[in-house]
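Turn these sequences into a full structure, and let the hints steer you where they fit.
Chains as they are written, first to last, in numbering that gives the first Met the number 0: chain A, 0 to 320; chain B, 0 to 228.
No lab work stands behind these hints, which were simulated from the structure alone.
All C-beta atoms in this analysis are idealised placements derived from N, C-alpha and C, irrespective of residue type, glycine included.
Careful: at least some of the hints might be erroneous.
[To be verified] Here are some chain B residues pointing at chain A (derived, C-beta under 7 Å):
no. : residue
1   : Ala113
2   : Leu114
3   : Ala117
4   : Gly120
5   : Met121
6   : Gly122
7   : Ser124
8   : Val132
9   : Pro135
10  : Ile136
[What the hints assert, rightly or not] Just some of the chain B residues that point at chain A, by a computed CB distance under 8 Å:
no. : residue
11  : Ser116
12  : Ile119
13  : Met123
14  : Gln127
15  : His210
Okay, here's what each chain looks like letter by letter:
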Amino acid sequence: MIRLEALTKTYRSAQGDVTAVDEISFEVEAGQTCVLLGPSGCGKTTTLRMINRLVVPTSGKVFIGGVDTDTMNPVALRRTIGYVIQQIGLFPNMTVGENIGVVPRLLGWSAERIRKRSQELLAMLALDPAQFYDRYPGELSGGQAQRVGVARALAADPPVLLMDEPFGALDPVNREVIQDEFLRMQQSLRKTVLFVSHDIDEAVKMADRIAIFQSGRLAQYAPPDAMLAQPANEFVASFVGSDRTLKRLRRIRVAEVMTAADGAVDTRELGVRPSDDLRRVAALFLETAAESLPCIDGDGHIVGRITRTAVASRLGAQLRK
Amino acid sequence: METLAFILHNLPAIGERTLEHISIVSVAVGIAILTGVPLGIAITQSQRTADTVLYLGSIVMTIPSIALFGVLIPLLSKFHQGIGYLPAVIAAMLYAQLPIIRNTYTAIRNVDPALRSAAIGMGMSTAQRLARVEIPIALPLIIAGIRVAVVINIGVTAIAAYIGAGGLGTFISRGISQTDIRQLITGALALGLLAIAADYSLLWLQRRVAHPGKAEGASIARRDARLRA
Chain A
0 MIRLEALTKT YRSAQGDVTA VDEISFEVEA GQTCVLLGPS GCGKTTTLRM INRLVVPTSG
60 KVFIGGVDTD TMNPVALRRT IGYVIQQIGL FPNMTVGENI GVVPRLLGWS AERIRKRSQE
120 LLAMLALDPA QFYDRYPGEL SGGQAQRVGV ARALAADPPV LLMDEPFGAL DPVNREVIQD
180 EFLRMQQSLR KTVLFVSHDI DEAVKMADRI AIFQSGRLAQ YAPPDAMLAQ PANEFVASFV
240 GSDRTLKRLR RIRVAEVMTA ADGAVDTREL GVRPSDDLRR VAALFLETAA ESLPCIDGDG
300 HIVGRITRTA VASRLGAQLR K
Chain B
0 METLAFILHN LPAIGERTLE HISIVSVAVG IAILTGVPLG IAITQSQRTA DTVLYLGSIV
60 MTIPSIALFG VLIPLLSKFH QGIGYLPAVI AAMLYAQLPI IRNTYTAIRN VDPALRSAAI
120 GMGMSTAQRL ARVEIPIALP LIIAGIRVAV VINIGVTAIA AYIGAGGLGT FISRGISQTD
180 IRQLITGALA LGLLAIAADY SLLWLQRRVA HPGKAEGASI ARRDARLRA
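Structure representation (structure tokens):
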């Protein structure tokens, strides 16, 4: 869906040319979320801004849906790409409703259609349209404002969403909540998302694929579990942290590891659900001496068992591969 | 008491002079807005042009108005307009330029770069960005510049009575030449009131176009809380 080919950006400065982004190539499939991860100054934001041509590449190409974006009018291109930034950038002279309606208005939608769409999006982002539609951005809290920022990016239903550290300015509690909401929305919307972050936990939580940047170069491009299991080099290993095994637990579901079993529930025994991630399993293994835990579905039936050995071999399997 | 009697006796004349005054100031400021605001926006594109334009504007401000009228007389005499309404409007218009250009320039420059980036990223053209985002956000500060220009011009136009432009300055110039304290006070009082009235009405306008910020948000939140209670 989005393909970067040897994308490069070189800035001229008094000290000579500085290469901010150096021949980045990767491909993101439609409906997937790719997190561009790295420390500040690694070129991840510049890469993102080359996709909607806020930054013009020095060389290399960006293809969206197979179309070379060089051949498109930048203004028209940007109207097909949702854009969310850390500073949110809501226009203070417009109400929440008008802010969400900016791109639809540029595209010439009817006032009625814009209003309906804005209200639908507010509701989707857990903001009561009756209460928020006519407010001004100055009257919103940080979390509310960023929800409106996301709604605005989704307004014209663009297939592609670029998010530049969208939740970076929020407090940890709010960030978790809005991340969860976004993940839930993304399950039904299936946008192709490029998401810049410097937070490994956020990346592991949100990404289908992580592109980790090291001073302008792509150090590794892999699904979160593979990156945590097998960092490509020292830099990636140190960036993802020494607790990378613990971080992997979040992305593995009980259903992937459990072995088939059935039978009645022993009410004295603690159980987990197949949809839980391994963090809960690990916590229970640490708290109790149990060698295995029953996996119980919504109706209270045992559908499998998860054992310490199975978890260990799942976590180790990637290493041996 | 004598002055009061003079004022009451000459109300129609005072009204007429006030209208003359307002006419000169509004035409001058009107032209200054039409030229100064676009110029102020245009120079945000280049630091060097901006420095030059603002420098020239500052030089104009240092010329005493009476000297400027003196310079305009021979120039405009070629068109038989050396004295009167036209030189008054031209001089006032020149003095109005700097506050309007400078405030427009500063206001547009101070628009949060994140807003500019968001506007461009969402697919606004330059004209759309200016019209829908940057100018509306800059408007209170632009109006503040217009306020300063209007108040300066009310003063400059008072001097223009000496080149036969009419206006409230007539009372002052006659008061001086005829050593008539009544006319002097009448002119000064009317000018003062006119300046204050203009300043306050533009201040009102300036506040009206400002977008609701945190302060008003707090009051709305309080109102909502009351409604829920």
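Query raised in the report: Looking back at the numbered hints, which does the structure fail to meet, lowest number first?
Result: none
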